[in-house]
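Asks: Listed here are the chains, written in short residue letters.
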Amino acid sequence: MAGSSDDIALLQAFRHPDTREKAFTAIIKKYQEKLYWHIRRLVIQHEDANDVLQNVFIKVWKGLENFREDSQLYTWLYRIATNESLTYIEQQKRKSAISLDNEDTTVHKLKAEKDFDGKKAEWKLQLAIQQLPDKQRVVFNLRYFEEMPYEEMSKVLETSEGALKASFHHAVKKIEEFILNN
Amino acid sequence: MKLSKEIEEELRELEAWTLLKAERRGCFSIPEGYFDQLSHAIFAKLRADETAEDAHSLLKSIGKKNPFEVPAGYFENLAEQVAQNATRHAPAKVIPLHTASKNRFRTYMAAAGVAAILGIGALLFWQAGGSAPVGVQDMVSLENVPDETLSGYLSDMDDATDLNDNPDLLFLSYSSGAEGSNLETLLHEIPEEDLIGFTSDFL
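Residue numbers (numbering that gives the first Met the number 0), protein chains in the order written: chain A, 0 to 181; chain B, 0 to 202.
Chain A with its partners taken away, still in its complex shape (with noise of 0.2 Å):
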């Protein structure tokens, strides 16, 4: 059940040695830009998106001959860079945590970006969406940005659908909470 057709095709070529990286340039080129986004939305910043999308990709590589096919390849590829991303917010806390700033790491990531503008909406629906907690933002994300139905979102978050439902709804009314107080 790898999914497509093009999913199925790379990872037997993926298998065979002499196509091998044929095969998984074929798959970055592929998802690459899926995942930077999701990645992106998560961490903020370009470097960080960058670090944790080539520690997603070096697990692939490690981990895809092995891959059961028994969910969508690109189910499997989201739930990597999902926990990737979040492990790497976890370890950003815990060192903000030693220093005295007490903004929270995203906001003050996202009030750095070069472009940051708090008048303009996109921004403002920006620092709305950083004040939920991690999984919720990832909830919203999947749902709002990627359009993810709940159905394949409960295969890459391993939570039921009705869970997913419930937090995105929520998440909805605290940022609609947020633009309209600020």
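Simulated from the structure, these hints should not be mistaken for laboratory data.
This structure is a prediction, so every number in the text was calculated from the model and none was measured.
A hint or two may mislead.
[To be verified] Under the rule of at most 25 Å between Cα atoms (straight-line distance), these lysine-lysine pairs were calculated in the DSS-like manner:
1) A:LYS164 - B:LYS20
2) A:LYS29 - B:LYS1
3) B:LYS44 - A:LYS172
4) B:LYS20 - A:LYS173
5) A:LYS61 - B:LYS20
6) A:LYS28 - B:LYS44
7) B:LYS44 - A:LYS173
[Unchecked claim] Distance ranges between label pairs, derived from CB positions:
8) A:PRO148 - B:LYS59: 15 to 21 Å
9) B:GLU12 - A:PRO132: 19 to 25 Å
10) B:CYS26 - A:THR86: 20 to 26 Å
11) A:LYS118 - B:LYS59: 57 to 63 Å
12) A:ASP114 - B:PHE34: 18 to 24 Å
[Said to hold, decoys possible] Which stretches of chain A does chain B cover? Using the computed rule of at least three CB atoms under 8 Å from a CB of chain B, they are:
13) 47 to 58
14) 117 to 130
15) 139 to 147
16) 170 to 177
Cβ coordinates follow ideal geometry from the N, Cα and C atoms, glycine included.
We have chain A; now place chain B onto it with these hints.
Replies: Frame of chain A, contents of chain B only:
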């Protein structure tokens, strides 16, 4: 980017009017050509990891085996050999580290010598210098003369004698004339030019 119908309906149910109106426009910027070179960067990292892993497994295969050989019975006889060598050789010459103490003694001696020379010189100077000004000696000796005698002497003197010509006598006349007086009070009463003239004789 327009919302799909499914998401739009969901947001309407939640009355999320802000999110419905918002354009899902990206606000983050990325370096130009980033995605073109990403696969190369990932392969470079994979190769670096492989090299590190190869080096690690090579070291692991070598292990910590010692390639050097040691003569038979070397460690058993070592203590005895060291003891023998220690008694055979004369103790090494001890060179003191603190030579500064000797230099310090010489410095103090030199300073004492200079101080002695200066002290002897000063002593000789004072001895040769000797006497105080004449007027003071006279004043000291006059202290032993009773006041009645002095006033009698002064009153016997020729009226033509102008005490102002003789500052010493002028001073004495002032001091003897005031019985039980305070010298400081006397000095205040004496005109300034007379005092100046008196002191210039001593300077």
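Asks: Each hint needs a verdict: does it hold in this structure or not?
Replies: Verification of the supplied hints:
1. A:LYS164 - B:LYS20: Answer holds: A:LYS164 to B:LYS20 is near 21 Å, not above 25 Å.
2. A:LYS29 - B:LYS1: holds (23 Å)
3. B:LYS44 - A:LYS172: violated (42 Å)
4. B:LYS20 - A:LYS173: holds (16 Å)
5. A:LYS61 - B:LYS20: With a Cα-Cα distance of about 43 Å, the restraint between A:LYS61 and B:LYS20 is violated, given a limit of 25 Å.
6. A:LYS28 - B:LYS44: It holds: about 17 Å lies between the C-alpha atoms, which stays within 25 Å.
7. B:LYS44 - A:LYS173: Distance of about 41 Å is beyond 25 Å: violated.
8. A:PRO148 - B:LYS59: 15 to 21 Å: violated (47 Å)
9. B:GLU12 - A:PRO132: 19 to 25 Å: holds (23 Å)
10. B:CYS26 - A:THR86: 20 to 26 Å: For B:CYS26 and A:THR86 the Cβ distance comes to about 25 Å; the hint holds.
11. A:LYS118 - B:LYS59: 57 to 63 Å: holds (59 Å)
12. A:ASP114 - B:PHE34: 18 to 24 Å: holds (20 Å)
13. 47 to 58: holds (count 5)
14. 117 to 130: Answer holds; 6 residues pass the 8 Å Cβ test.
15. 139 to 147: With 4 residues in contact (Cβ-Cβ under 8 Å with chain B), the coverage given for the region 139 to 147 of chain A holds.
16. 170 to 177: This one holds; 4 residues, not fewer than the three required, reach chain B with a Cβ under 8 Å.
Checked against the numbered hints given earlier, this structure breaks hints 3, 5, 7 and 8; the rest are met.
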